[in-house]
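Enquirer: Chains as they are written, first to last, in our numbering: chain A, 1 to 207; chain B, 1 to 207.
By construction, these hints were calculated from the structure, which means they are not laboratory data. Accuracy of the hints is not assured; some may be wrong.
[Said to hold, decoys possible] In silico negatives: residues of chain A with every beta carbon more than 10 Å from chain B:
{"#": "1", "residue": "I11"}
{"#": "2", "residue": "P30"}
{"#": "3", "residue": "R53"}
{"#": "4", "residue": "S55"}
{"#": "5", "residue": "M78"}
{"#": "6", "residue": "E81"}
{"#": "7", "residue": "A90"}
{"#": "8", "residue": "T97"}
{"#": "9", "residue": "R114"}
{"#": "10", "residue": "G128"}
{"#": "11", "residue": "D148"}
{"#": "12", "residue": "V165"}
{"#": "13", "residue": "G166"}
[As the list claims (entries may be wrong)] Here are the simulated SDA-like cross-link-like pairs (lysine to any residue), alpha carbons at most 25 Å apart as the crow flies:
{"#": "14", "chain 1": "B", "residue 1": "K108", "chain 2": "A", "residue 2": "D7"}
{"#": "15", "chain 1": "B", "residue 1": "K153", "chain 2": "A", "residue 2": "D3"}
{"#": "16", "chain 1": "A", "residue 1": "K33", "chain 2": "B", "residue 2": "R189"}
{"#": "17", "chain 1": "B", "residue 1": "K153", "chain 2": "B", "residue 2": "P89"}
{"#": "18", "chain 1": "A", "residue 1": "K108", "chain 2": "B", "residue 2": "G128"}
{"#": "19", "chain 1": "B", "residue 1": "K108", "chain 2": "A", "residue 2": "D51"}
{"#": "20", "chain 1": "B", "residue 1": "K108", "chain 2": "A", "residue 2": "R13"}
{"#": "21", "chain 1": "B", "residue 1": "K108", "chain 2": "B", "residue 2": "R87"}
{"#": "22", "chain 1": "A", "residue 1": "K33", "chain 2": "A", "residue 2": "D51"}
{"#": "23", "chain 1": "A", "residue 1": "K108", "chain 2": "B", "residue 2": "R63"}
{"#": "24", "chain 1": "B", "residue 1": "K153", "chain 2": "A", "residue 2": "M1"}
{"#": "25", "chain 1": "B", "residue 1": "K108", "chain 2": "A", "residue 2": "A176"}
{"#": "26", "chain 1": "B", "residue 1": "K33", "chain 2": "B", "residue 2": "F16"}
{"#": "27", "chain 1": "A", "residue 1": "K108", "chain 2": "B", "residue 2": "A8"}
{"#": "28", "chain 1": "A", "residue 1": "K108", "chain 2": "B", "residue 2": "R6"}
{"#": "29", "chain 1": "A", "residue 1": "K108", "chain 2": "B", "residue 2": "K108"}
{"#": "30", "chain 1": "B", "residue 1": "K108", "chain 2": "A", "residue 2": "Y12"}
{"#": "31", "chain 1": "A", "residue 1": "K108", "chain 2": "B", "residue 2": "N5"}
{"#": "32", "chain 1": "B", "residue 1": "K153", "chain 2": "A", "residue 2": "R6"}
{"#": "33", "chain 1": "B", "residue 1": "K108", "chain 2": "A", "residue 2": "S55"}
{"#": "34", "chain 1": "B", "residue 1": "K33", "chain 2": "A", "residue 2": "R189"}
{"#": "35", "chain 1": "A", "residue 1": "K108", "chain 2": "A", "residue 2": "R87"}
{"#": "36", "chain 1": "A", "residue 1": "K108", "chain 2": "B", "residue 2": "R13"}
{"#": "37", "chain 1": "B", "residue 1": "K108", "chain 2": "A", "residue 2": "K33"}
{"#": "38", "chain 1": "A", "residue 1": "K108", "chain 2": "B", "residue 2": "D14"}
{"#": "39", "chain 1": "B", "residue 1": "K108", "chain 2": "A", "residue 2": "R87"}
On a predicted model such as this, the values are computed, not experimentally measured, just so you know. All residues carry an ideal CB built from backbone N, CA and C; glycine is no exception.
There are 2 protein chains.
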Amino acid sequence: MYDYNRDAHAIYRDSFAIIRREADLSRIPPDLKALAVRVAHACGMPDVIDDLRFSAGAGTAGREALAAGAPILCDGRMSAEGITRARLPADNEVICTLSDPQVPALAKQIGNTRTAAALELWRPRLEGALVVIGNAPTALFRLLELIDEGVAKPALILGFPVGFVGAAESKEALAADSRGVPFVTLQGRRGGSAMAAAAVNALGQDH
Amino acid sequence: MYDYNRDAHAIYRDSFAIIRREADLSRIPPDLKALAVRVAHACGMPDVIDDLRFSAGAGTAGREALAAGAPILCDGRMSAEGITRARLPADNEVICTLSDPQVPALAKQIGNTRTAAALELWRPRLEGALVVIGNAPTALFRLLELIDEGVAKPALILGFPVGFVGAAESKEALAADSRGVPFVTLQGRRGGSAMAAAAVNALGQDH
């Protein structure tokens with residue numbers, strides 16, 4: 001039998017303590033410190049905190065939106081699955097439209113990926129929503145285009161697409177001009193659904 | 001409107017080409033090269049390939065198990081969600097027992113986390129299965145304990161728990177003595193459900 005920590009509460013506590021010891025949180029504002037720690041926890045890399053980019057007040061904007069009952073719009077089902085429902089303050093709806101049967105035809109119609117096309121179905125829910133991009137750069141680019149086309153603005157954009165083609169560029173585009181929408185993003189190639197879900201969970205409430 | 005790649009097929013192709021250009025795949029055997037590339041793709045980090053540890057023939061063992069209809073046992077719902085069903089060669093069952101109502105009581109009974117306790121419900125399905133640990137170090141430790149207790153052995157262990165407490169240690173334990181079970185793992189703190197699901201997807205078939 002191995003000697004290992006079997007207590008989930010202690011594992012969380014010790015993990016967060018290690019991150020706080022190893023990471024430089026000095027430039028992270030108070031309303032995003034918990035988010036920064038949870039994002040690092042999700043990927044096992046304290047140094048991702050150095051790559052976080054955000055607008056002032058983004059954490060507060062996200063918490064207020066959740067408290068007001070904002071829906072959470074996710075580009076992928078893995079992010080949606082990673083959001084801990086018990087942490088959501090207003091039984092907030094978690095929505096992923098990627099599997100909607102209209103999406104393949106929409107993708108052909110707009111000449112984009114299915115993940116980007118799935119955002120067409122967000123239009124009626126975008127106003128004041130929490131937008132979570134944990135997978136596809138095309139979804140983040142398309143979101144910025146939709147805002148330029150005049151859709152109602154979300155309350156917060158959590159931009160964590162991952163990968164080698166467009167991920168760094170789409171997050172750079174968000175950080176360079178978020179169209180006045182509060183945002184948190186991670187510059188570079190790193191990202192993913194676990195970090196995106198962890199960011200949402202950090203804006204929820206402790207049990 | 002941004003200038004970005006909107007073609008999912010081209011994005012995959014270009015991403016894999018970048019990884020093959022940047023990563024050192026020379027020590028990766030032929031039956032694991034696709035897996036290595038997909039794991040790097042899932043996290044945006046080609047250098048994870050340097051941290052892969054595996055037994056000889058692990059990729060072939062996984063492909064043969066899937067072709068024979070092996071169930072896929074996942075420690076978390078995010079990993080289960082990330083497995084592309086269309087890539088599975090035998091309509092293989094994807095099983096995650098974490099939400100089973102028996103799990104909280106089992107966790108108290110065995111004095112371990114719920115994720116580790118959920119493995120108790122794997123016992124009847126473990127023989128010849130693909131085991132996917134994409135989240136909890138306690139699940140990987142517990143799996144090794146179950147094998148020592150005499151459960152029927154799985155066909156392959158994909159060990160990708162992530163984090164700061166027990167992740168590196170559990171993967172080191174697997175690589176040091178997998179009890180004769182074929183395995184692929186990632187040494188260190190890095191890992192997670194996206195990499196674990198990508199490893200499974202690499203062992204499936206192309207469309």
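Enquirer: Which of the listed hints are not met by the structure?
Expert: Violated: hints 1, 5, 6, 9, 11, 12, 13, 18, 19, 21, 23, 25, 29, 33, 35, 37.
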